[in-house]
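Visitor: Spelled out, the chains give:
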Amino acid sequence: MVLFDLILGLLLVVLVQKCLSVTDLFGAVISFMAFGLLMAVAWVRLEAPDIALAEAAIGSGLTGALLFSTLGRLPHSEARQPIASRTVGSGPGYWLAAGFWWVSIMLLSVAFFLSLLELQAPGLGGYLQERLSESGVLNPVTAVLLNFRSLDTVMEIAVLLLAVAVVWSLGTVGWPAKQKLSLPLLVGLVRLLTPVFLLVAFSLLWRGNHAPGGAFPSGAVLAAASILLLLAGKTIRIYPLTMFWLRWVLAAGLLVFVLAGMSLMFAGYGFLVYPEQWAGTMILIIEVSAGVSIGAMLMALYIGGEPDFHAG
Amino acid sequence: MTAYYLILAGVILAMAFHGLMTRANLLRKLMALNIFTSAVFLFLVALARMAEPLDPIPHAMVLTGIVVTVSTTAVGLVLLLKLYRRTGSLTLQSADDD
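Protein chains in written order, with the numbering used here: chain A, -11 to 300; chain B, 0 to 97.
One chain only, chain A, in its complex shape (with noise of 0.2 Å):
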């Protein structure tokens, strides 16, 4: 297996390289998403199956969909010029800061690796594991998600939603979205892996208490599935009322979370400090609706402005 370790990360190193040298952007993309899902073969051998599922649907998945969908945007010349060697430094001056800032990262690393040799890392592991029985749910990263730091995952939602208020205030996309490929073979293939998306994403929203899961792959999966539906030009027309109600659902994840941590204060409890016998049901709900509000989300920010009904 130690062989098996060292292909991996001369892999992801080579993969590095070529995704900040290789000529062009459209090659750069790819190397990224290859790098992706390397890095969730990674976290399984670090035994992080919850990383690897969400590096997997979204640091390689979906961002790699938000980057080509960038690429699509821009003209066919832009994705496919070659790298300027002008815009590479060369000169003493480039060479010194280089040199600098290589060198002091590689100490680093060396001294990190030597103090760590002798550093017994004694991690939360113990205390989580006493604990876990009083958090409602029996997979330790949920718990650390939805109970023990879930106040970290109420500013974390609330961040992705400002993202989309940022993409949506900087502009309009004409709906609905013209897509200029006609596949046969695409949509019929869409309407055949719809159902089978919408059964895993509820699978992996299930599975989140006991297994790894959760509202964050789900939504992943969910937004998949819906650029999916929008690259084989299945579109949902929209109108005054379904914008009111999308914009409901965008906001509906942070909002149940919110509801949830001031019920529980004014019940005399505190922000999201669940009552023991309550906790399991309530990281349910909270769980489903960021769910659906995450893949909304994702969604949204793929799209890349606001939808304009009017135009379309």
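No lab work stands behind these hints: they were computed from the structure.
What you are looking at is a predicted structure, and each value in this text was computed from that prediction instead of being measured.
Hints are not guaranteed to be accurate.
Claimed, not checked - The following residues of chain A were derived to be distant from chain B, with all beta-carbon distances above 12 Å:
id : residue
1  : L3
2  : T182
3  : F254
4  : G268
To be verified - Per the computed footprint, the stretches of chain A lying under chain B, defined by three or more beta-carbons under 8 Å from a beta-carbon of chain B, are:
id : stretch
5  : 95 to 103
6  : 114 to 126
Here a beta-carbon is modelled for each residue, glycine too, at the ideal position from N, C-alpha and C.
Following the hints, complete the assembly by docking chain B onto the known chain A.
Guide: Using the frame of chain A, we list chain B on its own:
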């Protein structure tokens, strides 16, 4: 084995930082930023793996980090498109460049 991943994280971090600083193309800068965060996550998770028993708290932190990175990238890409439509270039030009 875990120490190997720590060093790998260091190497990728250095390469990504180098790319972030030296590439002029903003799309490439955004990709370098994404790889940079991946390297930081790799470091955190490798540390979590060293603890006995396995420490799931960095895992939760990294999950949060992945979502924040996607939000950052999405906003960055929209800004980049806006810049391209206004200036016709994917690089930031300083005043003495023109």
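Visitor: Would you list, in rising numerical order, the hints stated earlier that this structure does not obey?
Guide: Of the numbered hints, just 1 does not hold.
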